[in-house]
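Okay, here's what each chain looks like letter by letter:
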Amino acid sequence: MVPREHLVPIGLGVFLWLNKEAARKHTRYSLCSSPKAHLSRLIVVIFLKIMTLEKIRTNLHSEVKKATTSAEVEEIRIKYLGRKQGVITDLFKEIPKLKLEEKRELVPELTKLKKEAEKLILEKKEASLKIKLDSKIQSGKSPAYFDPTLPGTKVEIGHSHPALMIVEEIKEIFSYLGFGWIDGPEVESDLYNFQKLRLHKDHPARDTQQTYYLDNELLLRTHTSNMQIRYLETHKPPIRMLFPGRVYRREALDATHLPSFLQVEGLLIDQESSLTDLIGVLEYFAKRMFGEKTKTRVYGHHFPYTEPSIEVEVLFQGKKWLEILGAGMVHPEVIRNVGLNPKKYRGWAFGMGPERIAMLKYGIEDIRHFYGSDLRFLKQF
Amino acid sequence: MLIPFSWLKDFVKINASAEKLAEKLLLSGTKVERIKKVGKEHILELEITPNRPDTLSIYGVAREIAVLTAEDLLPLDTEMLLPSGKLANPPNLKVSDKKLCPSYTYGLVRDVSVKNSPSWLAERLELAGIRPINNVVDITNYVMLETGQPMHAFDTDEIEGDLTLRTSEEGESVRTLDGVLRKLPSGSLIIEDSKKLIDLAGLMGGKNSEIKKTTKNLLLLVPIYDPVAIRRASQATALRTESSNRFEKKLDLLGTKIAFERALKLLTEVAGGKLATAPRTSVSAKESRLELPVELFKQTLGIEIPLPKIINILSSLGFRVSVDPFRDRFLHAVVPSWRRDIDSAIDLTEEVGRIYGYNLFPKTLPAGNPPIQPELFHFGWEKETRQIFKAAGFTELLTFTLTSEEQLKRAGLPEEKIVRIANPMSKDFEILRPTLLTELLNAVAKNLKYEGDLSFFEIGKIFYQEGEIKQPKILGAITTKSFLELKGVLEKVVSRSGDEQEYSVSENGLIFKTKGFKLARILVVDEGALKNFEIPFSLTYAEIYLDDLETLPAKFTYHPLAKFPPVIEDISMFLSNKIAVSEILSEIQKAPLVAEATIFDIFEKNGRKSIAVRITYQAKDRTLTDTEVAKVRKEIVGNLKRKFEAEIRSR
Chain A
1 MVPREHLVPI
11 GLGVFLWLNK
21 EAARKHTRYS
31 LCSSPKAHLS
41 RLIVVIFLKI
51 MTLEKIRTNL
61 HSEVKKATTS
71 AEVEEIRIKY
81 LGRKQGVITD
91 LFKEIPKLKL
101 EEKRELVPEL
111 TKLKKEAEKL
121 ILEKKEASLK
131 IKLDSKIQSG
141 KSPAYFDPTL
151 PGTKVEIGHS
161 HPALMIVEEI
171 KEIFSYLGFG
181 WIDGPEVESD
191 LYNFQKLRLH
201 KDHPARDTQQ
211 TYYLDNELLL
221 RTHTSNMQIR
231 YLETHKPPIR
241 MLFPGRVYRR
251 EALDATHLPS
261 FLQVEGLLID
271 QESSLTDLIG
281 VLEYFAKRMF
291 GEKTKTRVYG
301 HHFPYTEPSI
311 EVEVLFQGKK
321 WLEILGAGMV
331 HPEVIRNVGL
341 NPKKYRGWAF
351 GMGPERIAML
361 KYGIEDIRHF
371 YGSDLRFLKQ
381 F
Chain B
1 MLIPFSWLKD
11 FVKINASAEK
21 LAEKLLLSGT
31 KVERIKKVGK
41 EHILELEITP
51 NRPDTLSIYG
61 VAREIAVLTA
71 EDLLPLDTEM
81 LLPSGKLANP
91 PNLKVSDKKL
101 CPSYTYGLVR
111 DVSVKNSPSW
121 LAERLELAGI
131 RPINNVVDIT
141 NYVMLETGQP
151 MHAFDTDEIE
161 GDLTLRTSEE
171 GESVRTLDGV
181 LRKLPSGSLI
191 IEDSKKLIDL
201 AGLMGGKNSE
211 IKKTTKNLLL
221 LVPIYDPVAI
231 RRASQATALR
241 TESSNRFEKK
251 LDLLGTKIAF
261 ERALKLLTEV
271 AGGKLATAPR
281 TSVSAKESRL
291 ELPVELFKQT
301 LGIEIPLPKI
311 INILSSLGFR
321 VSVDPFRDRF
331 LHAVVPSWRR
341 DIDSAIDLTE
351 EVGRIYGYNL
361 FPKTLPAGNP
371 PIQPELFHFG
381 WEKETRQIFK
391 AAGFTELLTF
401 TLTSEEQLKR
411 AGLPEEKIVR
421 IANPMSKDFE
431 ILRPTLLTEL
441 LNAVAKNLKY
451 EGDLSFFEIG
461 KIFYQEGEIK
471 QPKILGAITT
481 KSFLELKGVL
491 EKVVSRSGDE
501 QEYSVSENGL
511 IFKTKGFKLA
521 RILVVDEGAL
531 KNFEIPFSLT
541 YAEIYLDDLE
551 TLPAKFTYHP
561 LAKFPPVIED
571 ISMFLSNKIA
581 VSEILSEIQK
591 APLVAEATIF
601 DIFEKNGRKS
611 IAVRITYQAK
621 DRTLTDTEVA
631 KVRKEIVGNL
641 KRKFEAEIRS
651 R
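Going line by line, the protein sequences match chains A and B.
Everything in the first sequence is counted per our numbering, starting at 1 for the first residue and increasing by one.
Everything in the second sequence is counted per our numbering, starting at 1 for the first residue and increasing by one.
Isolated chain A (complex conformation):
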């Protein structure tokens, strides 16, 4: 006897074997043997086979509907359309065995069913893929709902530091004019930080630079000018160099002062060099940093290591003049100190504070934020 699970009721008290191996063994559905009976038998046969296809269609639809994971959908695909053992695939294999009349009726139906099955399974797969994509923003609504106007998923990237971004920008702006860059010691000797720059011990100008000392000779450098001297002593002109780095001032920490901050100094030494070049370069710098329409002005100032000395201001938001850097022609005595002949070589130098530039450029209100390690600040850049 055929096991119950191999049979599918198709009405009229007739059952259809689904297990083809069993069916091969028990091919007993012929009803009678007369020619009329033969025709009726044929009709019944076709009818029964079409009902089979109907049943397969019904089952397929219900199983696909019930499937909730792509794994289940794949199982269904293999069950019905699998190359080696699919229900529909197997039926195609039976086609050669059919009589001509049966073929004429059944083959189009079978082909239709196969196409339908493929479409159904593909649609289900795409739908579940969409569900996977949207699962992170589901709020308990129907899984098929997807709103593309929702904000994009946050991408975890690292952030640059705004003051260091300014340093990189400065390097790039001056690279156009042939400037390289180099940094050096922060713990420095009094000789290289002050004396070689005409700031002798007891010089009143030293008041304006409150200094951290380690002992009688070593200190924390108050400007990156120590690098200017070191570089000049070891390289021949022509020279175009930037000196970015940390400097230290012994001052109380508040909204506009830090115990340590960044500085970028620049130096040009050549056989020909004058104040007009310096002013021209600084205006070029200000325009690249703050915008082409930036207005600048220059006024006289004083530094012990430059003569003449100037400061440069930019007109901020059309209202206020704000100082952005100090500069000047390198004093002949400094040039002599590094072993060059001031009658043959001359040049200029400038210095600026990247934090200050960043505050002006980005509207940052408190200089302490640069050293605060607060992601609310850092992630904005």
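Please keep in mind that the hints were generated in silico from the structure rather than gathered at the bench.
Glycine included, every Cβ here is placed at the ideal spot set by N, Cα and C.
One-sided excerpt, in silico: chain B residues whose CB lies under 10 Å from chain A:
id, residue
1, 228
2, 369
3, 371
4, 446
Assemble the complex: chain A is given as a structure, and chain B must be docked to it using the hints.
Chain B in isolation, oriented as in the chain A frame:
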């Protein structure tokens, strides 16, 4: 310095508004910070650079204005009737060393009546930010503000005998005007009479000789002291006054006489005094002469200013300029006595440039070719490393290099080889950081509320004492990502050097080495440290030694795409837990035809580990046969068994 606008008008005609004038002053080097309006008066607040004490005075600023506006500078009013008859001699002032007091003028004034200053005097002082006290003291302050020359009045009736100016010895003391008994170090300038100290010279007068309501006779002393001695004494005693601020700078050696006369006129008119003795002046000053080729102006400034204009500007500033009769286009200039900041020819180019007006200069760019410097050829390791960390999701920080021992303790780090600050400003910034770990831990602790991975890095110097002070540049990174994820980032950076790396595991973490020096290390942060910083999850920390890395060239090796298919096989094995995975991989990779070997499964069981290795066999020039692969496989298995006692599992 605060300057009331109307006071300036005593000495120069001003038509412009305060704002316009302030701009002229600013652009030529006398910085006006702001303008305050007090009633009908404008007060200019000036920031004077230390090289220009001559502009620490109304008269000095008026002189600048006169030059800038081409107006006449009116002289100081010192006109007065001198008493008839022969004047007595004042007490002697012995100066122990001329260098301590290179110039002075002093004299006695009798019959003064000390009371409140008239309102015009008191008002001007107040507008200039000085509190009025009594007419005599006020006059000394008034003339100081006007001329830039500080001075002091002593009650003569309190002075016994002659005066001596000398340096103090350690332990001497004097009670100053404010009532404080000050113990002096050695080297401070003091004035004493035959019995006692009467003046902490240049800083503050002595209380014993102060001008009181009952003072009738006074000694007016207008001195110039050695700036260095004053500066040292000011720092040692922590006394800083309007007077000492000026005495610290190079004052006009020829200016004491006129300042004395100005003060005398006011004392006569306002305090009823009469000159009692002939004023005594002592000056040791040399005329300062400079000579320079005219071409220096064009060389330095970059523009051709006509010689008559150059001479005109210098003359109006007080220089006596003459053209050399023998040398072509050569100038001589005598420096005015109030400009002791001018000591070389180059200073004259600044005088001409700033008065001419820098904003009138054309703007040019440097001539000549950019130099080809050796630094151009160094690989940008710092930039590359920064980019890799950023791409891996790390945010760059800047933190202070100054820190405290307490922070090191919190992080469980040893306090050895520490570099200390001799004059720290606060306990928080007493030492230089020997590590980046403490600040990175602080950064994590500050951002606990942030949802998502916390990954930070910083590139900067650390400092430690090893014989001399070492200050290497390193990168420090900390993350909530796993140890292996951070290790992956390090490997990406370090592999750019192209060299073979060795690893060694120590209590200081896993260390990457190449060619014998340390490149990087990575470790899991100690739980005790996490607790102290109140961080409730685990962290991994790594360092890259950039200074050393930067000595290596960056290598990039391109591997042409394989033309022939690889053979990929898996081998699983059991071996002792003690054997490092890196050793197994490097043993496998020694075998010929092995293109890649990766571990894809690893677990521990009963003190042994089971690992599964995927081996990719590849030849550049042919498709490998099964026999070839089998031969290599046999060799590998044999080596693993022999070297590591590996038990190969059948797959």
